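Q: Sequence:
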Amino acid sequence: MPLLVLTNVTSHQSRSIITTIQSDPSLNTQYTIRGLTRDPSSSRSQTLAARTGIELVQADLSDSISLRSAFQDADIVFATTITIYDGHTYDHEVEHGKAIADAAVAMAVPYLIYSTLPSIKRLSGVGGCDDRGLRTLRGPRDLRGYEDVFAR
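Its first residue numbered 119, the sequence shown is counted upward by one per residue in the working numbering.
Keep in mind that the hints were calculated from the coordinates and are not lab data.
Any given hint could turn out to be false.
[To be verified] Listed next, the in silico SDA-like pairs over lysine to any residue satisfying Cα-Cα at most 20 Å (straight line): (1) K216 <-> T201; (2) K216 <-> I231; (3) K216 <-> S180; (4) K216 <-> I183; (5) K216 <-> Y229; (6) K216 <-> S182; (7) K216 <-> F196; (8) K216 <-> Q190; (9) K216 <-> I194; (10) K216 <-> S187; (11) K216 <-> D178; (12) K216 <-> S184.
Small disclaimer: the values here were computed from a predicted structure and weren't measured.
Could you put the whole structure together from the sequences, leaning on the hints where they help?
A: As structure tokens, this is what we get:
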């Protein structure tokens, strides 16, 4: 069976994917799921593993070695990043997006599905202020399109 690896397995998106696959009689027989988490011993991770039976693996998006190990034998990686609000959000998101893409390439993962949003700045065509002189939103949502371009 193809191995599907989900980053940030305790996130809403990853849990939704697990539920969708496991509740579908056809999909449930087509995939093995490996979930990545920073702390497999956390109560949230343990509850998810007990409820779903998926394999849990420790991996940190800031640690390329752990990502490469976690992507071993993966046929598909479904990736999301974690938003860290510490004043360096943009830098973290870019670093994590690059690390995911680099690890997927290094491990010859055939399919990388990178869950992202388009860049607000690129969509608006505005480089800092809108046509009324108001500051546009800036931050983690501006870089979403960047990660997608890098991954390609």
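Q: Next step is simple, just say for each hint if it's right about the structure.
A: Status of each hint after checking the structure:
A C-alpha spacing of about 15 Å is found between K216 and T201, which places the hinted pair at or below 20 Å, so the restraint holds. Distance hint between K216 and I231 is fulfilled; the C-alpha atoms sit about 13 Å from each other, no more than 20 Å. Among the hinted pairs, K216 with S180 is consistent with the structure: their alpha-carbon atoms are about 10 Å apart, no more than 20 Å. A distance of roughly 13 Å separates the Cα atoms of K216 and I183; the hinted pair therefore holds under the 20 Å criterion.
A hinted pair counts as satisfied when its Cα atoms are at most 20 Å apart, and K216 with Y229 qualifies at roughly 16 Å. Taken as a hint, the K216 and S182 pair is honoured in the structure, with Cα atoms around 10 Å apart against an allowance of 20 Å. Restraint check for K216 and F196: satisfied, since their Cα atoms lie roughly 14 Å apart, inside the 20 Å limit. A hinted pair counts as satisfied when its Cα atoms are at most 20 Å apart, and K216 with Q190 qualifies at roughly 18 Å.
Simply put, K216 and I194 have alpha-carbon atoms about 17 Å apart, close enough for the 20 Å limit, and the pair holds. At roughly 16 Å between alpha-carbon atoms, K216 and S187 fall within 20 Å of each other, so this suggested pair holds. Straight-line distance between C-alpha atoms of K216 and D178 comes to about 13 Å, which keeps the hinted pair within the 20 Å bound. In summary, the hint linking K216 to S184 is supported, as the alpha carbons are separated by about 14 Å, within the 20 Å threshold.
Every hint, counting from the list given before, is met by this structure.
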